[in-house]
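Colleague: Based on the sequences and whatever the hints tell you, model everything.
Chains as they are written, first to last, in the numbering used here: chain E, 1 to 325; chain C, 326 to 650.
Hints are supplied without guarantee of correctness; some may be wrong.
Under the rule of at most 20 Å between Cα atoms (straight-line distance), these lysine to any residue pairs were calculated in the SDA-like manner [claimed, not checked]: (1) C:K450 <-> E:R148; (2) C:K450 <-> E:R65; (3) C:K450 <-> E:D82; (4) C:K563 <-> E:R88; (5) C:K457 <-> E:P85; (6) C:K563 <-> E:R148; (7) C:K563 <-> E:D113; (8) C:K380 <-> C:D394; (9) C:K563 <-> E:H152; (10) C:K450 <-> E:R16; (11) E:K7 <-> E:P85.
Rough simulated footprint, nothing fancy, chain C against chain E, three-plus residues with beta-carbon under 8 Å [what the hints assert, rightly or not]: (12) 91–100; (13) 148–161.
No lab work stands behind these hints, which were simulated from the structure alone. Just so we're clear, the structure is a prediction, and the values are computed from it rather than from any experiment. For each residue, glycine too, the CB sits at the ideal point set by N, CA and C.
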Amino acid sequence: MADPLLKIENLSVDYRRHGKRVHAVRDVSLELNEGETLGVVGESGCGKSTLAMAVLRLLPDRDSRIPGGKIFFRSQDLLALDAEPLRRIRGGQIAVIFQDPFSALNPVLTVGDQLEESMEVHGGGRDRAKTLSLLERVRLPDPERIYRAYPHQISGGQRQRACLALAIANRPALLIADEPTTALDVTLQKEILDLLDGLRRDLKMAILFITHNMGLVSQRTDRLAVMYAGEIVERGKTADVMSAPLHPYTAALLRSLPRLHKSAGKLPIIPGQPPDLSAVPGGCPFHPRCPRVFDPCAEHIPALLPHEGRSVSCHLYHSPVAAGR
Amino acid sequence: MPAYFAKRLLFLVPLLVGITLVTFGVMQLAPGKPTDMVTDMNVKASAEAKERLIKLYGLDKPWHVQYWDWLKRFARLDFGRSFRDDRPVLRKIGERLPATLLLNVSSLLLIFLIALPIGILSAVKQDSLWDKSLTVFVFIGFSVPTIWLALLAMITFGLKLGWLPISGLRSLTYDEMSLGAQCLDLARHLALPVLVSAFTGLAGLSRYVRNGLLEVIRQDYIRTARAKGLPENRVILKHALRNTLIPVVTLVGLLLPDLIGGSFIFETIFAYPGMGRLGFDAIMARDYPVIMGVGTIAALLTLVGNFLADVAYAYVDPRIRYQGK
Ligand SMILES: Nc1ncnc2c1ncn2[C@@H]1O[C@H](COP(=O)(O)OP(=O)(O)OP(=O)(O)O)[C@@H](O)[C@H]1O
Ligand SMILES: [Mg+2]
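Modeller: Encoded structure:
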């Protein structure tokens, strides 16, 4: 098979906060092929956004550090890239759409300006007609008005569509969508997700779809990676993971699904709290909350190893000895 | 929006009247009389002459009557005549105001020209040696007494090195010069006062820009601007700086009274023929009409400066400009 579009190898990211090190992403490996959709799911604070931002090197450089790992995009090492080639990839071949449409757009520039600017710096020039058709493409009503509007003059849903237009402006090969609908109400959520699906098919984009809501990824992704406390605990085809979760954490996430739909936002969906990432418990990070915890869990760190066509890091499937620890 | 500004403009009237009332009161409370200069310095002046002067100027009336008389004339824009040389106050001010505005506008421009890059550089290279040295530099300007610095500059550049004139605005031979030479002559006379006042006024704006920029750079829309592949200098100079400078517009309005009020002592040191020195001399001579005239014009300029700052603020911030549209 050809090289994957995106390949993350053993990536770790630390934050420095009040003199403490927060290990937000720990030894994560992922692959994403052209045109494929990969969902990354996990509770709030498990490091999903950090992982996504690391790909485009958008982490705050003063208080974050990448102690190890590599990120390859079409075989280019993104972490080793100079400013100019990195700039050309940002918004060109890789685009991103953020969670909060209310703060993602510059309040003092018009929507049209912000869109055109993105095409301009990627060699497309300023083309009003093209910008208007882009606005139409994300199904914004009255593109002429939106074009001239400042962000505060349009609704949240419209802003997220504008952000989507911004993301696809230069026909990226990869779109990183970091909880793109979390800030919107349920009906809008579905509209935006359907729009995203359509665009993905038309533009043959790959999507890295980040969410804490497993319900959103079940129908719309090819593969899934489940994150817990900065690590990937299970990885496999979406259908497999959804129908027969291996890791107890994945199972718990799935069980909490119907409840999640009704309750809004970031309530703990599994008994207990995710660990403080500056002091992750020894052994398996999930063991204090795990319903199937047994002897080795508190002692040994499980490794992410293949099992039945996917990967899982849990002592239920790989005894610590067999895993070589 | 226009209605709002019309209301603001109307509010200026009672405010201005209030200021003139306070000025008048303070002036009356100060020891000494306008007639002292004329009579006490002149041994030949008789007591009757003094009485005659008091009658002539209406100084024998109770002070509120005097104020009311002044206010009635002020309503017709009649500021009266100077006690000292009997020339119309308005003409005396008219001669001096351009020089003061020239000085203050020049130093304000210079402050902007220097403080903006300092603030930007300090923010972009936060905590670097650059940032620290520039901080020390502007705080030296902020902390040294202006009078001391002015004298030091006059001694060094005026007397010891003989590079620049130390007082006044024009050379004696100004009228015989060609236009080019006249401009050069003005510039040479302005150099010391402008440099001194700009140096001592750098801190406010440069720190404001630095801290404002640091705050804005953390915002989501800056991350969006980077994510779409803008070059870093465009991210800073267009996206971040615009948002930072909106409040700075107000700061200018607040600086304006500083520059006008501060010029009393400053202009006197440099023997600068501006409003400040006119006011200073008038106070020394208890020249009531001139004191009132200078005070009123300075207050008016301050109020108008604040008002214009508000208008400008509303204009540059689209969130305010399009309120309710
Ligand atoms: N700038 C930062 N400085 C210090 N710690 C940070 C910073 N940003 C994030 N963190 C910490 O890193 C961890 C991972 O954060 P991240 O935003 O990646 O999680 P997430 O999975 O995206 O969560 P959410 O669902 O809330 O978006 C959290 O514990 C968070 O507190
Ligand atoms: Mg997040």
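Colleague: Which numbered hints turn out to be false for this structure?
Modeller: 1, 5
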